[in-house]
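Protein chains in written order, with the numbering used here: chain A, 1 to 101; chain B, 1 to 569.
Hints were generated in silico from the structure; no laboratory data involved.
There may be inaccurate statements among the hints.
[Claimed, not checked] Ranges of calculated distance between the beta carbons of each label pair, as one might list FRET restraints: (1) L68(A) <-> P209(B): 19 to 27 Å; (2) Q184(B) <-> E49(A): 42 to 50 Å; (3) F441(B) <-> M36(A): 24 to 32 Å; (4) Y52(B) <-> E47(A): 41 to 49 Å; (5) L65(A) <-> G67(B): 52 to 60 Å; (6) M78(A) <-> L511(B): 22 to 30 Å.
[To be verified] In silico EDC-like pairs for lysine to aspartate or glutamate, Cα to Cα no more than 16 Å straight-line: (7) K10(A) <-> E489(B); (8) K341(B) <-> D37(A); (9) K71(A) <-> E489(B); (10) K416(B) <-> D37(A).
Idealized CB from N, CA, C, for every residue including glycine.
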Amino acid sequence: MIRSQKDSSKGFFDHPENITRLLRGFYVLCIVLVAMDFFVHRHIYTELEKIPAFYAIFGFLACVLLVLLAKVLRIFLMRSEQYYQDQDDETAPKEKAHHVD
Amino acid sequence: MKRPRKKKHIMWIENLPPFVLFFIAALAAAFLGNRARTVLLFVPLWGAANLYFTSGNSGGVTYQVAGVLLDLYHADKLSLLFGYLFHLAAFLALLYAWHVKDRVQQVAGMLYAGSALGAVFAGDFITLFIFWELLALTSAFLIWARRTRSAVQAANRYLIIQVLSGVLLLTGVILLSQQQQSLQVEYIGLSGTASWLLFLAFGIKCAFPLLHSWLTDAYPQATPTGTVFLSAFTTKVAVYALARTFPGEELLIYIGAVMTCFPIFYAVIENDLRKVLAYSLINQLGFMVCGIGIGTALALNGAVAHAFNDVIFKGLLFMTMGAVLTRVGHVKGSDLGGLYKSMPKTTAFCLIGAASISAFPLFSGFVSKSMVMAAMLETGHDYLWLMLLFASAGVFHHAGIKIPYFAFFAHDSGLKVPEAHTNMLLAMGLAAAVCVTVGCFPSLLYALLPWEQTYRPYDLTHVLTQLQLLFFSALAFVWLNKQGLYPPELRSVNLDVDYLYRRSLPRTAKLVRLYCGNIFHAGVSKAKKNLRRLPSLEDTNSVEATHLTRRMAFLFVVLVIMTALAKLA
């Protein structure tokens, strides 16, 4: 089923300047979104929302925290890919594996 | 005027429980095999149309079996919403799997979809139990059908846990019936053993925290097409059952909040992209469970609307990963990348699915997830709302960015594979179209919702705040990547609750067996040694002495008993 081979053709994202351009556009949009916070009258439901650009700050911090905590979790949770299979090999009879589609 | 009416009568069948058609089609597929696979596509189409035109006049179909009256067809707005959804999901999954020439999967897929329909239209708990167990059994075949050793073992574990859920349900139902309570599938609420058993049974299928590992263990092991079926039915039937029997149960809000948060940590560090989606599925279920727990009309509508959307966008994401698995042979983030060049259409559909699950404005997740969030604020659960907001940012991070980024972009892995099969692309295109249509015209979905409400998802505040949340989550991803802080995709497995029964329990059992064996053998050898010390029976004198001693002892015991009896008298 594995029908893969090396491809040498260059795509849009193989050119670093394209990525730089995209990222610049993205940064501009981020700035515009925060700036709009000061012009648009937001409906407020909780005290927290009174903090300027609350959603932007929360989104950024939440994701940084998520990733850093997940990295720490790796220390405790990560095992080799064969972790369960090694044990299965001890107990289960061997059989031939094949894909259907 | 009479003619069209007569025609209408022939086309549609009233009082036909929706599962019947799927079961008949499964029987046909069993005999006809691959020749039937195009005809199978028409089953959910006709079934949905029949449901639409006749549901108003249908219902109350009962079947008497061994003194029990089964209510096979109970239709109201809630069951109808799930009914339409399951027909749509079945059609998408069948179209996606059209190229697969495997009779086991065709039959299992039809029976599985039929069982899900049977469960949501079940009027009483006995009928629900029957379809509950059928869901377990039929879906396991979609995992066994992968025919690899790890898949077969995962399916065995999956089936044991699913059947356990069914046994709990049956025990709860028997208790209910002993307490002379109604067996109609309606509000129960948490009070008494029976209700807790039902709650636990639904909780297993709904992947409550600590009861969830069957999902993340088995779904990534199923066939590429099988996972699309799996992601649609089992968990959503559980959501339906909870919405009907435990609406407004406060415990569910807390359970749901935990469900939204803990899987996203696993999703960030998981390498198998279908397993990332399995964790993401639990995260989305968390929003639904929260909605059911809040129990207001807005929250309940949000929960079932999100169930509807999740089936489509999660199905779409599983379809795109299934296409990668079919073409490349694996979905390991560590060994993928740059596939946008060879699978551009699949990439585009994946991005639409990612935008939908991340709740971008104009995509389906936006119009349903926000209902639960708004209801959370309305009922004053500010801290839990923050948890959901954290989970919303997190879901964008792992399902919205990580899945498309590591599969289709990131570093170029150099893989050159053909684009997905045409039928797969059609199914993905259709699912993507549904995501965008619901996102742009939410009133189409809202019209189907069971409870009265006047929620408007599109206002400036909501759109702006959501965009801020999402863009700055993406900014965090960019920043972490540039700083080299983002954890790389590594070939690995992460320990989860399944560690307990895959590693810990077998090892403990092995130790106990070894320990008991040692004690037994030590006892046997000691007994043998002592036996050798006993006088040999071959010696005549010793035999006589032994017999004499035994008789005297017997006589002594009898005398003691007689004395005791005499004293008592």
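field: Those earlier numbered hints the structure runs against, lowest number first
entry: The structure conflicts with hints 7, 8 and 10, although it agrees with all the remaining ones.
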